[in-house]
Structures are given as structure tokens and as C-alpha cells.
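A.B. asks: Now for the letters of each chain:
Protein chains: 2
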Amino acid sequence: MSAAYVAGVGMTRFAKAPDSTLKTLARAAVQDALDDAGLTVSEIEAAYCSNATAGLITGQEMIRGQVELRPLGFSGIPIVNVENACASGSTAIHLAWQAIAGGMHDCVLVLGVEKLTHEDKSRTFSAIGTAIDVEARAEIEARLGGNGGDSRSFFMDLYAANARRYMDEANATREDFARVAVKNHGNGTRNPRAQYGGDLTASDVLDSREVVWPLTLLMCCPISDGAAAAVLVSERHKARRAPFVRIEASILGSAVRAPERPYSAARNAAATAYEKASLGPGDLDLIELHDGTAAAELMLYEVLGLVPDGEGARLLAEGATELGGRIPVNPSGGLLSKGHPIGATGIAQIAELTWQLRAEAGERQVEDARIGLAQNGGGWLEGDSAATSVHILARS
Amino acid sequence: MSAAYVAGVGMTRFAKAPDSTLKTLARAAVQDALDDAGLTVSEIEAAYCSNATAGLITGQEMIRGQVELRPLGFSGIPIVNVENACASGSTAIHLAWQAIAGGMHDCVLVLGVEKLTHEDKSRTFSAIGTAIDVEARAEIEARLGGNGGDSRSFFMDLYAANARRYMDEANATREDFARVAVKNHGNGTRNPRAQYGGDLTASDVLDSREVVWPLTLLMCCPISDGAAAAVLVSERHKARRAPFVRIEASILGSAVRAPERPYSAARNAAATAYEKASLGPGDLDLIELHDGTAAAELMLYEVLGLVPDGEGARLLAEGATELGGRIPVNPSGGLLSKGHPIGATGIAQIAELTWQLRAEAGERQVEDARIGLAQNGGGWLEGDSAATSVHILARS
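Protein sequences, first through last, are from chains A and B. So for the first sequence, our numbering puts the first residue at 455; every next one is plus one. So for the second sequence, our numbering puts the first residue at 455; every next one is plus one.
Isolated chain A (complex conformation) (with noise of 0.2 Å):
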């Protein structure tokens, strides 16, 4: 397999933004990606273009990459579009690294972009409830005892079921989420393009409103809108741009048949990371992972390897994880503070990488930082998310 580089990211800031399209998302952070990368439309070979919700939202479904991309010139190359729930980024990025590590191109484009907002709130809440089978779903919320209510109490009564369940196990308190919230929205502060941020203390992240005990509305990513590129590079482009940022590894995986526990699929995925990396999580300077919650934060922490199981509380109360700790986790701020809009967020954990390991990354940048790791999931399937993504990126 061929050596795949990131050449150029792009992103929009993530923010409610009623007045954007996804058009003009798109043409953003496209714009951003190429004129990063040093190049122009006309030398992009081919496109992935990653979205999960507009069919259902604005009504633009099948061919949503073509129409996002035709405003900017875009004419006659392979454009797919990929779903795959909040995964659906990385699994974009997934697709173009294949691309580019088999030989098929030396240029490639990933596009994510959603536009989760809407005047009628429900329809966003319904569109995200399409996560899971919607055949269980009476099912799934019977399980789970929640309000049996809207698809956004769906998703949240599963997070707040995994919380507990990690309280218990782990001996995890609220405050200890409380913490990585403090800590996420801190580092959002300093990132120009994260939809929220602020010093918080751990108090107003617990008194804020509760949405499913054990977790309050700040411990919860947001509805984001939002956009991000990338372009990735083949050995011929790389020489455009230094330093280089190098796609060690790219995995994908879905869930898990009967799972022991939550985030099998992302544990596995990791530990092929690692091992077509030739590294292991103590290799790592920084990682961008999958806060849906708070909660999760810390679950991830041990899915990753970095403590072993029952020790995430452990590691973040040690400010580990923090900015100048010994392995930074979320510097963007995360889903948390930076945002969540679906089909991009895995794109934007790869630009952050990015921007992190040629030393751009302003008052959040990681000293020194080599090595990244990104952990993008999404959906739900019977115990496990129904798609997982780890990427590893070195400066080379």
C-alpha cells in the first residue's frame, strides 16, 4: 500500500448558524481544505462527501455530495456519498485513504457537512433517531425506562444507561464528568471555530438542566451545524506542503455480535490501530475522541488503552488529559464544546489532528506533538455503536 498524507483541512466554525445551507457550509470548508493543501478544484481526482441527516431535514437526499460540490466547480470526478451515522466523517476519510494507500488516486477530497437545525425542532430530533433499527426502537426505549419520548431522549437515555452503569463499575461520579465538561469547554475557549466554550466550574456544569440522570445539559454535545474538508495526498502531491502529516492508520468497524460491553467495537479498533501503526497508546501526544457525552469521555480513555478498565476518573483527575498534560485529549474543545454536526465531526477530528501536529494550533496547541489519534463513533446496534473509526496521524 502507498503512503496517504493529509495535504490541507478545512472547517467552518460549528455553531447554530439558521442563515447557512448546506451549499454554503460546503463551499466554506472546501475552500479552506484547498487553498491549505495548495491546490485547486481541477487537481481534485475524486470525492467522498459524508452526511447523515439531510434527507430527512432538508429533504436533500442520494445525490447530496454532487449539489454540495457543483457551486465550486467540481465536474465529472467519482463523488460517493457516505453514511454512517456520527461516524459518517471518518468513515469518508476511511474511504478516500483507501483511494489513495491502493494506487486508485493521488488527490482526493472528504466533505462532511450537516445542517442539524430546524425550525421544527422535532424533525431534528427525529432525524437523528434513525441511528439505531428503527424497527426495535418501542423496544430499545422500553429497555432503557426512559421517557419513551422524542428520538432525543432516545440517544440520551442510552448515554445516561452507559453513565451509570460506568458509576457503578467504576466508581465514577457526576463530579468526574463535571470535570472533563470544565475541561472540554476550557479548550473550546481557545479554538475560534468551536460553538461553545467558557471557564467553567465543575458546579455550573452539575447545575446546569438535567437531561437524563446522571447527566445535565453540559455534560451533552450540542445540535451543531457545520462543515468540514479535507484533502488527502498520495507520495507524488506530498511534496506541496511541510510539514507532513501522515495517515499511519485508518480502521473501521461496526458493532460487535453480543457484546461484553459498551465500545467493543472501538476497542478492537483501536488495537488494529496501533498494531498497523506499529505503536501503542503510550506513543501517543494527542487525541481527538468521540465525547458525545461526558461520560463517554472517560469510558474512552480506557477503550483506548491508555488506563486500564475502572481508571478513566483516575487519569483525568491527575490532568492528564488537560492541555499540558501527558497526553492531551479533545484539545478542540470536543463534540462538547467544539460541536457535533453528524457527517462532519470525524473530518473535523482529523483537521484538528492536523493542525496540531504541524504546530497551527495557536493557544491550544499540544507541545511538541508528534503523534495523534482520532475515535469517531456513531449509532447504536444491540449494545455496541453500529460504526467505529480510529485514524492515527504522524508528523513526518
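A hint or two may mislead.
One copy or two, either will do: identical chains are not told apart, so a pair holds if it fits within one copy or between any two.
No more than 25 Å apart at the CA atoms, straight line, and that leaves these computed lysine to any residue pairs for SDA-like [unchecked claim]:
1) 477 - 664
2) 477 - 594
3) 477 - 467
4) 477 - 525
5) 477 - 711
6) 730 - 529
7) 575 - 657
8) 692 - 850
9) 692 - 492
FYI, nobody ran anything at the bench for these hints, they're computed from the structure. Nothing here was measured: the structure is a model prediction, and the numbers come from that model.
With chain A held as given, fit chain B onto it using these hints.
C.D. replies: For chain B alone, kept in the frame of chain A given last:
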């Protein structure tokens, strides 16, 4: 790049199947393909799943492939959900080919499934109508001069406008279109998996209900439910079943900007496919092409280089594209007779080529078929197909 082979294929009968679900259709096609390949679920390393409308018709979005494959026992493998309007199936084949040819995997599954029928027909038509830039719908409809009604009419208005233009430019007649329908329905009669079939006369076709002049009902592909699947493998797995069907070219394209004529993307894809496979139209033994309407088939004869522009009707009249002719086209019955469950169509074309190249096509067998081409198109963007693909397969 490594060689990629089609190790097995399967499909349901295409039909209006109100009692079927995405899951039951998928299970039948996948089990067929696995049995045909002599492989089991545990040997599949990744899956590429195509569907165009489930989010809008059945409410299942985002993780369609995971939901469809789970009951069959798949666990943990990479699953990618792909959309590209009516070319979704061939796009999934293209991604699977990339994974094998690029050396990422040795054995992958492609699944396309579509459930178009719904008790509320307007839901089906409205879903089909998302294969354009939905923001431009009103403008396109006005330009086409259609009835401005439902989405079904939109695409039929479009196809009819193309057909009228072709009648002017190529001196083609409605009788020519009728002959295409007669041929394909005749072929479909020999295909147990075809939705329709029958020994029609040109008068039967001309006398059927007018959809939009010059197109009658029997000149237009039907609304269908169905699934198709294929297993693609590398050299390592190929020995399991002879004769071998090798993928000589897998080309995907999108709408060309400001095209001089319809099907520019398909024209380019065909030229590239011939170049990659080091052969020309004269080397082909059979073709499966995207006869969304009977008129489209004649235009595609020219687009694929079988004859110069304007001579499609002559080729048909000579009998060259009939079974037993020089270059049989749509021996399966094509979309017109076999049916068109959107996400399954491109994979069903590959299934037909595979059966033909292995001399397993029964009553519709093309004698000594060694090289076949499949052309699949989807959606509409500013005068061209939004997505298009050409595959060339050879017995080896």
C-alpha cells in the same frame, strides 16, 4: 493494483413485494451470494451497502447496512453505507473493488436493497424526487414544461425531454422506442428474477398508457422492491470457484459541468473503462445498461461507442442487440422488464454479467460470453447524470 474477482452473486426476484422488508430482501440476496461463492459470513472482511430511499420511505437512515446485515450474523466488520441515486449499487461495487484492488481486503460483500413500494405512493415519488438538487426543483420543472405535479412526473418529464431531443437529432421514432421495450420484455420472460416480461408487440407498447409524450408506460422502468448482492475477492480467494469472473475496469464519474449533450459523464466513464481494460466496444460480448426508459437504451448504444451518434435505432433495427445478435444488450430484461429497485440495480447488472460469463444464464444465455460491460446511471444535475459508472468484467 491487485486483481479483483466476482466470487459469487445473488439477487431476489425484483417485484412489488409489499410483505417484504429491507431485512428479508437483504437476507435472501446475501445468502444467495455467499452460497454462490462458497463462503460464509465469517469470511467476509468488509461490506459496502447501497440504498437510496429507505430514510424517506421506511424511516431507516444512517446505518442501513448494519441493520440489514445484523440478522445474518455479521459482527464487527467495516460497513459503509453508500448513496448515489440510481447508481448507488455500482458505487458500492466500485468501493468494494477499491478495497480488493488496493490490497486492503481479500474478501468483501456488496449489498444493494431497496423497498420502493409504500401504501402511500406519494411517499415513493417524493423520495425518488430527491435525486436532483432539491433547491432547484421549481426552476427545473418550469424549464421542462412538465405538469409541475409530483416527483414521478419530474423524472418522466426529464426522460421525455431527452427522448424528444433524440427523436429530432437521430431521426428516431416512437416505434424504435417500442422495439426496445419489446426486446427487453422478451428477455425478461427468460429471466425468473424479472419483475415483468412477456411477448409484447410494438403496438402493445405504443398503446399502453402515455406517461409523458413520447413515452408510454411500457417504455418506462417500473417501481420495484428487491435486493442484489455480490462477493468480491482477491487472487487469494479466487481458487474457490471456476470459471473466474475478473473485474477489468471499475469507473465511477459524476455530472460534467455544462455538458454539450446528455450522458457526457457516461461517455467519459466508458472511454476510461475501455482504456483501463485495454479493449474497445467491438470486444464486448454483452452489455447490461441503464434503460430507465426505452429511449435511453438507444442513446446509450451511442454513448458506449457501439455505433456513431444518431445510429442507435439502426443498431436495434438490425437485431444486433437482441439475444443471438452481435452484441446483446440487457439480456436480463434490463430495468424495463427486470425492474429497478434503485440501490440494487447496479449490483444486479454485475450479477447478470457474472451469470452470463460463467455460462449459467439459462434460456437467456449469450453464447460464448467472455467480456461484458455494465453501465449504471443515477440522479440529475444541470444536464447530466449526477452519478454514473461503467464496469467491464471478463471470464478468465
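A.B. asks: Hints first: check each against the structure and report whether it holds.
C.D. replies: Comparing the hints with the structure gives:
Taking identical chains as interchangeable, the C-alpha atoms of residue 477 and residue 664 are never at most 25 Å apart, the minima being 35 Å within one chain and 37 Å between chains. Proximity of residue 477 to residue 594 under the C-alpha cut-off of 25 Å is restricted to the inter-copy arrangement: shortest distance 18 Å between copies versus 36 Å within a copy. With identical chains, the CA atoms of residue 477 and residue 467 are at most 25 Å apart within one copy only, with a shortest distance of 15 Å there and 39 Å across copies. In the homo-oligomer, the alpha carbons of residue 477 and residue 525 lie at most 25 Å apart inside one protomer (8 Å), although the nearest pairing across protomers, at 37 Å, exceeds that limit.
In this assembly of identical chains, the alpha carbons of residue 477 and residue 711 lie at most 25 Å apart only when taken from different copies (17 Å versus 38 Å within one copy). In this assembly of identical chains, the alpha carbons of residue 730 and residue 529 lie at most 25 Å apart only when taken from different copies (21 Å versus 35 Å within one copy). In this assembly of identical chains, the alpha carbons of residue 575 and residue 657 never lie at most 25 Å apart, being 29 Å within a copy and 54 Å across copies at closest. Taking CA atoms no more than 25 Å apart as the test, residue 692 paired with residue 850 passes inside one copy only; the shortest distance there is 11 Å, against 38 Å between copies.
Taking the shortest alpha-carbon separations for residue 692 and residue 492, only the intra-copy value of 11 Å comes in at or below 25 Å, while the best inter-copy value is 43 Å.
Comparing the model with each numbered hint stated earlier shows that hints 1, 7 do not hold.
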